[in-house]
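Those sequence lines, one after another, are chains G and Z. End of the first sequence sits at 119 in our numbering; the numbers just go up one at a time, nothing left out. End of the second sequence sits at 280 in our numbering; the numbers just go up one at a time, nothing left out.
One should not assume that every hint holds.
Said to hold, decoys possible - Cross-link-like lysine-lysine pairs, in silico, DSS-like; alpha carbons within 27 Å at most:
# : chain 1 : residue 1 : chain 2 : residue 2
1 : Z       : Lys178    : Z       : Lys234
2 : G       : Lys111    : Z       : Lys207
3 : Z       : Lys225    : G       : Lys111
Hints are computed from structural coordinates only; laboratory data are not their basis.
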Amino acid sequence: DAKTTQPTSMDCAEGRAANLPCNHSTISGNEYVYWYRQIHSQGPQYIIHGLKNNETNEMASLIITEDRKSSTLILPHATLRDTAVYYCIVRGNYGNNRLAFGKGNQVVVIP
Amino acid sequence: EAGVAQSPRYKIIEKRQSVAFWCNPISGHATLYWYQQILGQGPKLLIQFQNNGVVDDSQLPKDRFSAERLKGVDSTLKIQPAKLEDSAVYLCASSPARTQIGNSPLHFGNGTRLTVT
């Protein structure tokens with residue numbers, strides 16, 4: 009099901025912006041880009057989602073390229089509590105709207 | 164608002180025994196999901212309910228797994244009989260959407276960790 013490609017792992021510096029990349033070259037016009045994260049022993053936590061436009065909320069910003077084939081999740085000021093597995097997911101709006109998780113990107117914030 | 168509640172938090176059973184998990188979604192949420200997460204993997208959808216009707220159970224091993232959502236609110240997931248490979252975290256999620264489901268985020272509980280010995 010997974011239609012996205014993410015790094016397996018990455019490190020980020022505490023206090024700096026963390027830029028998490030995701031490729032979704034086969035995305036179709038009515039599919040959303042979703043980001044979740046999962047901290048050890050907890051359920052996945054919703055971060056943000058978008059269709060075409062860039063989105064921002066209290067947790068993060070989502071930058072989607074104009075051709076929609078890739079996106080970047082930006083955590084503006086990474087803290088140690090942002091250490092988690094981050095999942096980038098493409099999800100349809102109608103018909104097959106399954107939220108299908110891949111293996112994710114293990115992000116470690118380093119002091 | 165209260166989050167998705169799941170119980171029990173942990174369960175240890177022997178193979179061939181039965182087990183049931185309970186989920187109480189966020190109040191007013193129409194859609195409810197059960198996911199299975201095996202160690203080291205991302206969660207995998209088992210079943211999706213819209214109110215109390217099944218929308219997607221294509222990945223549910225129906226020979227041993229069953230689920231129901233009573234009165235469109237709480238839900239239970241049962242495994243009978245359990246196998247060693249059923250050891251996993253079972254996650255429940257809900258979302259408010261009745262239409263445009265793909266535009267409605269899922270909110271997850273913290274899951275039930277099942278160990279089958």
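Going down the list of hints, with the structure as the test:
no.	hint	result
1	Z:Lys178 x Z:Lys234	31 Å, violated
2	G:Lys111 x Z:Lys207	11 Å, holds
3	Z:Lys225 x G:Lys111	25 Å, holds
Hint compliance for this structure: hint 1 alone is broken.
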